[in-house]
Structure formats: structure tokens, C-alpha cells
Amino acid sequence: MLVAVVTMFAFCYLPVHIYTILSLIMTIPQTDVIGAIVLVSHWLPYANSAMNPLIYNFMS
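Our numbering numbers the first residue of the sequence shown as 24 and each following residue consecutively.
Be aware that a few hints might be false.
What follows is a set of in silico ranges between Cβ atoms, one per label pair, in the way DEER data are often shown [said to hold, decoys possible]:
hint, residue 1, residue 2, range
1, VAL26, PRO52, 35 to 41 Å
2, SER83, PRO52, 44 to 50 Å
3, LEU25, LEU62, 25 to 31 Å
For the record, the hints were derived by calculation from the structure and aren't laboratory data. All C-beta atoms in this analysis are idealised placements derived from N, C-alpha and C, irrespective of residue type, glycine included.
With the hints as constraints, model all of the structure from the sequences given.
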């Protein structure tokens with residue numbers, strides 16, 4: 024169960040951290056595709072919070 028929770032955490036939080044680091048290092052062009060990627064990457068941490076009870080429920 025711990026592996027599932029940690030894997031889901033990494034999957035959900037890694038994109039937003041990668042985007043933040045890349046935006047600090049270089050200038051990222053503001054296109055529609057990049058905007059959609061940023062939006063999805065900011066929604067993934069919320070999805071992680073919603074998935075945690077499901078993981079705990081199904082794995083116990």
C-alpha cells in the first residue's frame with residue numbers, strides 16, 4: 024500500500040515541480056498547449072488528495 028501511495032504522490036506532484044524548475048531556469052513560451060499542460064499539472068495534486076482515500080480503501 025505504501026508503494027501505491029508514494030507512486031501516486033510522485034505521479035501527481037512531479038509535473039508541477041518540473042514545470043516550476045523549468046520556468047525558473049528558462050523562459051517558457053506562453054502558448055495554448057503550455058497553458059493546458061500547466062492547468063493539468065496544477066490539478067493533479069488535487070486529484071492525488073482525492074485518490075488517497077480510494078487507494079487506502081481498496082488496498083486495506
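Open item on the list: Please check whether LEU25 and LEU62 have a Cβ separation lying inside 25 to 31 Å.
Closed with: 30 Å, holds
Task: Assessment of proposed distance window 35 to 41 Å (beta carbons of VAL26, PRO52) - done: 37 Å, holds
Open item on the list: A range of 44 to 50 Å was offered for this pair. Does it hold for the Cβ distance of SER83 and PRO52?
Closed with: 45 Å, holds
Checked against the numbered hints given earlier, this structure breaks none of them.
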